[in-house]
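J.: From first to last, the protein sequence lines stand for chains A and B.
The working numbering numbers the first residue of the first sequence as 401 and each following residue consecutively.
The working numbering numbers the first residue of the second sequence as -18 and each following residue consecutively.
Hints are computed from structural coordinates only; laboratory data are not their basis.
Every residue, glycine too, gets a C-beta built ideally from N, C-alpha and C.
A hint or two may mislead.
Chain A is faced by these chain B residues, among others (derived, beta-carbon under 8 Å) [what the hints assert, rightly or not]:
| hint | residue |
| --- | --- |
| 1 | 21 |
| 2 | 32 |
| 3 | 33 |
| 4 | 35 |
| 5 | 255 |
| 6 | 257 |
| 7 | 259 |
Pulled from the structure, derived: some chain A residues nowhere near chain B, Cβ distances all over 10 Å [to be verified]:
| hint | residue |
| --- | --- |
| 8 | 467 |
| 9 | 500 |
| 10 | 607 |
| 11 | 635 |
| 12 | 662 |
| 13 | 729 |
| 14 | 730 |
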Amino acid sequence: MAKSGWNTLAAHELRDCLDRGECSSEEAVRSVVDAISATDPVLHGYVSVDVDGALAQAREADAARRRGERGRLLGVPVAVKDVLNVRGQSCTCASRILKGYVSPYDATAIARLRAEGAVFLGRTNMDEFAMGSTTENSAFGVTRNPWATDRVPGGSSGGSAAVVAADEAIVALGTDTGGSIRQPASFCGCVGFKPSYGRISRYGLTAYASSLDQIGPISKDVEDAALLFEIMGGHDPMDSSSLEVPMPAVSWRNGQGLAGMKLGLPREYFVGGMHGDVDRCVRAAVEECRALGAEIVDVTLPHTRAAIAAYYIIATAEASANLARFDGVRYGHRAAGVSDPIDLYRQTRAQGFGAEVKRRIILGTYVLSSGYHDAYYVTAQKVRSLIRRDFEMAFTHCDAILAPVAPTAAYRIGENRDDPLQMYLGDIYTVPVNLAGICGLSVPCGFTGDGLPVGLQVIGPALGEACVLRVGYAYESVSKVRGRRPGAG
Amino acid sequence: MKEFLTTIGLEVHVQLRTHSKMFCGCGTSFGAPPNTQVCPVCLGYPGSLPVMNREAIRLTVLAGLMLGCRINPFSKFDRKNYFYPDMPKNYQISQYDKPLCLGGAVEMEVAGHCRRIGLTRIHLEEDVAKNLHMETWSGIDFNRAGVPLMEIVSDPELESADEAMAYLQTLRQILVYAGVSECNMEEGNMRCDVNVSLRPAGQAALGTKAEIKNLNTFKGVHAALTFEIARQRDVLAAGGRIIQETRRWDADTGQTYSMRSKEEAHDYRYFPEPDLMPVALPDELLQQWAAGLPELPARRRARFVSEYGIPDYDAGVLSAERAIGDYFESAARGSRFPKAVSNWIMTDVLRTLSERSIPVERFPIPADALAELVELAENRKINSNTARTVFAIMLAEGGRAGDIVRDRGLAQVSDSGAMDAMVRKTVEENPKSAQDYRGGKDAALKFLVGQVMRASKGKADPQMAADMLVKLLGRPD
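Required output: the full structure, derived from the provided sequences and hints.
T.: Okay, here's the thing in structure tokens:
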């Protein structure tokens, strides 16, 4: 293999190359750094890259491997969304308000990857505090979609999806509160996986909406998604919402096809609003799954239309409290020349937060206010229960659900800038999964007429990761778009 | 002049006696240098998450059980949102509609009357940091941030500053008894918000209340209430209206001041804390916790009176502190002289403890050894002076009373032959005193008894000596 091509590999492939001695971690990191130098000035997928630090970690990994040590990611560079704490690195959440903040600790997911030998090379761009679906809300500039640089990569984990798609990373971490892993993965032609709520510890993930946030991988194939899920998952005493249940044995590696599986198509997802090309790609993928032996059944998720409203009430309510800590007192940006504490808060937050973050804090504060609390917050929680029940009912008829990830392919930069409501509606196929606390996988399944990637979403019940990954793997292995890269035609 | 009735409700904040904070592993010791007991969790760093301290739950439930509360089988935590520099997250993790304990009461004695003050609830929350104001700048010490804080809310049933004081003292005693808190006022373990209102006698509905926040001494509570009650009475008597407001107590001027301004329209926007799971307390766990509960101090006091036949006052002193009560009980149980045991503890033991400033746990004489000494004295094996000497020896050198008496030949001389000789010799050697006694001077007998004691090197039974002297000298009628 050409010495310059290490950056194009998936994590499990690179790890195998490293184990076989075909290359060193240092070489692999250099090839990724070279790719970043070549294309990131245009794409802007990273907010910061620590070349020296990464090379030092890589050399350490090489030395460890020479000593006979092994790790499931020993020497493999991992790109990290700028919302996750990595000890000694900045963690700005793409916000001015956290400028200068350096993490004093590792997130649990990071610590577990580190224990397997991962190298932390750079931090990826995102919508500020994970609020958005385009990365246009980053305080540090938009990320461009490697498939069409006048388009957004999706969001909020847009930087992670873009750098994986552009081979500026081997694999990346994202977070998904309402689709923030799956939608950018779909827009950029990557695999994106959101495990069930409580599977991966949130300790060290800067909270947007605590009851919805979940860490997950954005990768080049389903095998990597499973690998990172297995490493990061499992109970963590530092996160009370992390589940004390054993991790699933992912069995798809042995089995072929989907014989004996029932896959549901939600009636409500395939009506109106969906772009024709997306509809065509997803239906074609459904037929591939049928050809693999799956039985396709009709299911219903009747409360889908209420999901967006419920989501934007619950998420913003939690966010209004979660983001209260950014006040200029202990870390991050602090406004100068203030007269008293109240003035300090006002100025710091006015200067530090971007428009979308302010919009959501105000919305969240409003829905929790006395007199409105019951009408909004309490009602939204009831809707959430109904949506959860919808899925529970649906999963009595099928093992997993096939769905689109988003109604359209990647937007043009600036397309929805003045219409947040339109933008929020783009989350319709992803937010119900977060509200229900279940798992969802985005796998590339085709292209629009304009050559933009489209993803297939595989949704599974709570703790149904093994099933979802099996479906994704089986589909991926027959998919005609597998391995397609931007610029490769 | 019109008569007014006072109604007071108290919200008492009590820091729990846990080794670590409410939601992280940081220590809770008082007086550490600023910001040395902190971590990403209690500093509210991005991405940090709270983890419940189960001991804090247990201690709050113990407090609830001691106070007769109903323990909520399903309790949860909520976020209370407001901005203040002492709040690391700008929300406080507290409990809104499902507190750990509901109902209950504090039973107390005020001026000889028994009063039962109902409790509304007890909930658990995290303490905030401490703002320190220097001349030109302010600092924040986060050591206190996240210390487990229990809030005990009384019903509005207290009627005077004295009652409020008694309530606080009784509550403090119970909490210390249960080992729930040190209730050390100097260290800020116990702080209090008071709500007070007045209404004309005969009116059923409560008047408009004022709240006085953050009183950290009992004396302060009493003084602030006394001032505030007088202030409200003056306003009402002059036909004025009380405004519902928060007031600040200034100990230096001895007055309360309005703090209205920005404090007024607080909307805390409570919602369930998504980072913590609800707390389920199954019956068997509660029973297990209840098994280790001590008796209420008031109940113990009554039992000491009935079981050991000691005066109520003594029982009060002995039951005031749990460890003293325990010491008394282990000495008195099995003793035939519990009253004498009580006397020894009330005088010599307590005096020694206060002189040496030590807790009874470090008192050198074990309870059973004290009981043995009391036994010897009460059986007149040694006289009272010798008993004090033996006590002093036990205090200084340890050992058992019986051994000390034997080894040092301190047993009381009550052999009638030996006594008779000593008494006769004393009378012979002190003819003047003998004469005086016969002449009606009682003091002379005391002197003669003293001489007998001296001759016996303190070992004679003084009562016996006196009896024999009276008989020998045969006072004419």
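J.: Checking a non-interface call: every C-beta of chain B should be farther than 10 Å from the C-beta of residue 729 of chain A. Is that right?
T.: 6 Å, violated
J.: For residue 662 of chain A, is the shortest CB-to-CB distance to chain B above 10 Å, so the non-interface label stands?
T.: Fine: 33 Å to the nearest Cβ keeps residue 662 of chain A off the interface.
J.: Would the non-interface assignment of residue 500 of chain A survive a Cβ cutoff of 10 Å against chain B?
T.: Answer for residue 500 of chain A: holds, closest chain B Cβ roughly 13 Å.
J.: So, as I understand it, the hint says residue 255 of chain B touches chain A; can you test that by seeing if any CB pair is closer than 8 Å?
T.: 4 Å, holds
J.: Per the CB criterion, is residue 35 of chain B less than 8 Å away from chain A?
T.: 12 Å, violated
J.: Against chain A, is residue 32 of chain B within 8 Å by beta-carbon distance?
T.: 6 Å, holds
J.: Report holds if the minimum CB distance from residue 467 of chain A to chain B is greater than 10 Å, and violated otherwise.
T.: Consistent with the label, residue 467 of chain A stays out of reach of chain B, its closest Cβ about 33 Å off (over 10 Å).
J.: Double-check residue 33 of chain B for me: the hint is only fine if its C-beta lies closer than 8 Å to a C-beta in chain A.
T.: 7 Å, holds
J.: Per the stated criterion, does the least C-beta distance between residue 607 of chain A and chain B lie above 10 Å, as a non-interface residue requires?
T.: 7 Å, violated
J.: Say whether it holds or is violated: residue 730 of chain A keeps its Cβ farther than 10 Å from all Cβ of chain B.
T.: 6 Å, violated
J.: Classify the label on residue 635 of chain A as holds or violated, using whether its beta-carbon is more than 10 Å from each beta-carbon of chain B.
T.: At about 12 Å from chain B, residue 635 of chain A clears the 10 Å cut-off, so the statement holds.
J.: Would you check whether residue 21 of chain B satisfies its interface hint, that is, whether its CB is within less than 8 Å of any CB in chain A?
T.: The hint holds - residue 21 of chain B has a Cβ within 8 Å of chain A, the shortest such distance being about 5 Å.
When each numbered hint is compared with the structure, violations occur for hints 4, 7, 10, 13 and 14.
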